[in-house]
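Colleague: Start from chain C and add chain X according to the hints.
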Amino acid sequence: EAQVTQNPRYLITVTGKKLTVTCSQNMNHEYMSWYRQDPGLGLRQIYYSMNVEVTDKGDVPEGYKVSRKEKRNFPLILESPSPNQTSLYFCASSSRGQGAPKTQYFGPGTRLLVL
Amino acid sequence: DAKTTQPTSMDCAEGRAANLPCNHSTISGNEYVYWYRQIHSQGPQYIIHGLKNNETNEMASLIITEDRKSSTLILPHATLRDTAVYYCIVRALGGSQGNLIFGKGTKLSVKP
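Each protein sequence line maps, in turn, to chains C and X. Residues in the first sequence are numbered consecutively from 27, following our numbering. Residues in the second sequence are numbered consecutively from 12, following our numbering.
Don't read these hints as lab results, they were simulated from the structure. Honestly, I wouldn't trust all of these hints.
[What the hints assert, rightly or not] Listed next, the in silico DSS-like pairs over lysine-lysine satisfying Cα-Cα at most 30 Å (straight line):
id: 1; chain 1: X; residue 1: LYS122; chain 2: C; residue 2: LYS83
id: 2; chain 1: X; residue 1: LYS14; chain 2: X; residue 2: LYS115
id: 3; chain 1: X; residue 1: LYS115; chain 2: C; residue 2: LYS91
Same shape as in the complex, but just chain C (with noise of 0.2 Å):
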């Protein structure tokens, strides 16, 4: 089954320890990214992944870190997470080309609490 997969789902963490949500998908997309959703403020993208070792940012990208070492993932490190970054996660994937933009896949969502 085709698929973005997320871990862990829920997570609760204290300031400053470092932390990474991992993402994965299995179509074979050369397009990943991170956003997240805040109430009031709908999704926002953190960063972004065109392809292997290709990363750029997002328009919220303080704060966070990612890399692309192989094409089916694409973690989120938080080095020093802060209170102001609980919030629901969402790593999404497309194939890239010709056309029209691609249909983006999304995973199920990494909710987050950091007191």
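Modeller: Just chain X, lined up with the frame of chain C:
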């Protein structure tokens, strides 16, 4: 990408057609209209997209006006499981290919 305007909320009776409007009056010629939905904090789900012709798939129909300044997503026989926030998004070829700009969407409540 062009801005979109959607009603904040709508109700629909179960089994009836749900018609969700979207205004995109500043849309340009190379911009597509996409619809996604999000069911209660799950990951957004693609529904349908179109450029200028009406489109239909197993989930919904998309009607785009001739001037392309507005569109309507139609769920032909709404069920309780269609209760969700529906997002109308305009996206261009090239440019910011990946960043979906989600507005506030329309919260559709399907009632028994």
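Colleague: Confirm or reject each hint.
Modeller: Hint check results:
The straight-line distance between the Cα atoms of LYS122/X and LYS83/C is roughly 41 Å, outside the 30 Å bound, and the hint therefore fails. A hinted pair counts as satisfied when its Cα atoms are at most 30 Å apart, and LYS14/X with LYS115/X qualifies at roughly 12 Å. As the CA atoms of LYS115/X and LYS91/C are separated by approximately 27 Å, the hinted pair is consistent with the 30 Å bound.
The earlier numbered hint that this structure contradicts is number 1, and it is the only one.
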